[in-house]
Structures are given as structure tokens and as C-alpha cells.
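Number of protein chains: 2
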Amino acid sequence: MIVSHMEQYSQQLNDVFHALADPTRRAVLRQLGKSPASISDLAEPFDMALPSFMKHIRLLEDSGLIRTRKEGRVRTCVIEKKQFAVAEAWLTAQRTLWEARTDRLEQFVTATQPKGKLK
Amino acid sequence: MIVSHMEQYSQQLNDVFHALADPTRRAVLRQLGKSPASISDLAEPFDMALPSFMKHIRLLEDSGLIRTRKEGRVRTCVIEKKQFAVAEAWLTAQRTLWEARTDRLEQFVTATQPKGKLK
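First to last, the protein sequences are chains F and B. Numbering follows numbering that gives the first Met the number 0, with no gaps: position 59 of the first sequence is 58. Numbering follows numbering that gives the first Met the number 0, with no gaps: position 81 of the second sequence is 80.
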């Protein structure tokens, strides 16, 4: 199956925003923003069985927001800043649309303003 | 039930990011970024039954990313910029964490650099 760039990008946005839509996953990302950490350290603050926690880690890894690597018996997680930029860029693009609209409105108001002061 | 501000904020982030995790809903938001529109105009480009489309609209409305209002027989949708800021602010806060870390690392490197040039 041939998947276009647009479809790949759309799927990336689906995965990233879905990954961000959960408080446990956001807490993990916040923690990894401070420093890389092992899965057991990351799991520690949560009252959650390890298999459930691992599902969150795998979903984060599949979304591209984190990488994990195994060193001996410890799996370390690292944040992947590039993938955050995908979500940020989409939000910024929306803002650009609104601001273009606001600018056009201002130009219209300025262009149609009467020259003299109202008395 | 008493819900804390933190829990309310967390629920808002869940709802906003979940709303953004779907290509139909993102396309609707992009369209509404250009101008307000009726539900039938918004539905037009999609090969989707109206009840399915309405679920997306309701989810967007529940997330706070759009408002809708009925004027006569037409329901018009308007984007709610404030709620985008909730998602943007969260992403910006993460970036601030990394950048603080990078700054600390740079200070460390600068502080521990030898005074003279290496020969």
C-alpha cells in the first residue's frame, strides 16, 4: 500500500495528540523533560500495575514522543523533542490562519475609516 | 464531589488533545480558523453520514475548542481560540523544562572548561 506524505503526517498527528490525551503519559513526559529515566523510576509515583504502565510507555514510544533503550537489565527512556515539534507546528499553523484573518479585518476597517474625526 | 483546579485542568488537557487526535476534527478546526461556518457547510467535504459527523462536532464542542449557536434553522460553529491556548501552554511548559536543562548543562560546561587553550 502506498501511503502519501500527507497521510503519514496525519497519522503522526493522530498518534502524538492521542499520546498527550492521558494524565499518566503527560506526567511521564514531564519527568523525562527533566532527565532520562528508567522505567522502574518512572513507574514509581503511580499506583498502577507494571503491565498497565508498560502500555503507556509503549504507546509513547510508538507515537515517537520518547525513545527507549535497554542497557543490561535496565530500560532507559529519553524524550524525543522533534516529535513535540510536530504537535506545536500544527497548533502554530492554526494560529497563523486566525491572525491572517484578523489582519485582513483590520486592513478592511482601516481602509473604510472616514478621514475626518467624528464630531 | 469536589474537583480540584489541577484535576479540572488535567481533564481539559485530556479533552483538548483527544479532540485534536482525529483528522476529521482537525480539518473542521482548520476550516473554522478561516471563518465561522454552518454544520452543513462543514460536513460537505466529508464522505460521512450526518450523525457520525455530528458526533465529531459535539466532541469538539465538549472539548471547548468550538462553540455552536443556532440561528433559526442553521447551527453555526465558531472556533474558540482560548482553548487552543491550553494545549499550546502545556507544550510550551515542556519546552521550558528542556531549555532550562540545556542552560544548566551549558553553564556546567563553561564553568569546568580549562582556562588556557588545549595545545
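Think of the hints as simulated: they come from the structure by calculation, not from any bench. A couple of the hints might just be wrong.
The calculated EDC-like cross-link candidates involving lysine to aspartate or glutamate, where the alpha carbons are at most 16 Å apart (straight line), are [what the hints assert, rightly or not]: (1) F:K80 <-> B:E60; (2) B:K33 <-> F:E98; (3) B:K81 <-> B:E98; (4) F:K33 <-> B:E98.
Simulated coverage check for chain B against chain F, where a stretch passes if three residues somewhere in it have a Cβ under 8 Å from a Cβ of chain F [claimed, not checked]: (5) 56 to 70; (6) 77 to 91.
Every residue, glycine too, gets a C-beta built ideally from N, C-alpha and C.
Do the hints match the structure? See the list:
1. F:K80 <-> B:E60: 30 Å, violated
2. B:K33 <-> F:E98: Roughly 10 Å between the alpha carbons, so the hint for K33 of chain B and E98 of chain F holds.
3. B:K81 <-> B:E98: Violated, at about 25 Å.
4. F:K33 <-> B:E98: The hint holds at about 10 Å.
5. 56 to 70: Since 0 is below three, the answer is violated.
6. 77 to 91: Contact hint for the stretch 77 to 91 of chain B vs chain F: holds, 7 residues under 8 Å.
Comparing the model with each earlier hint shows violations of hints 1, 3, 5; every other hint is respected.
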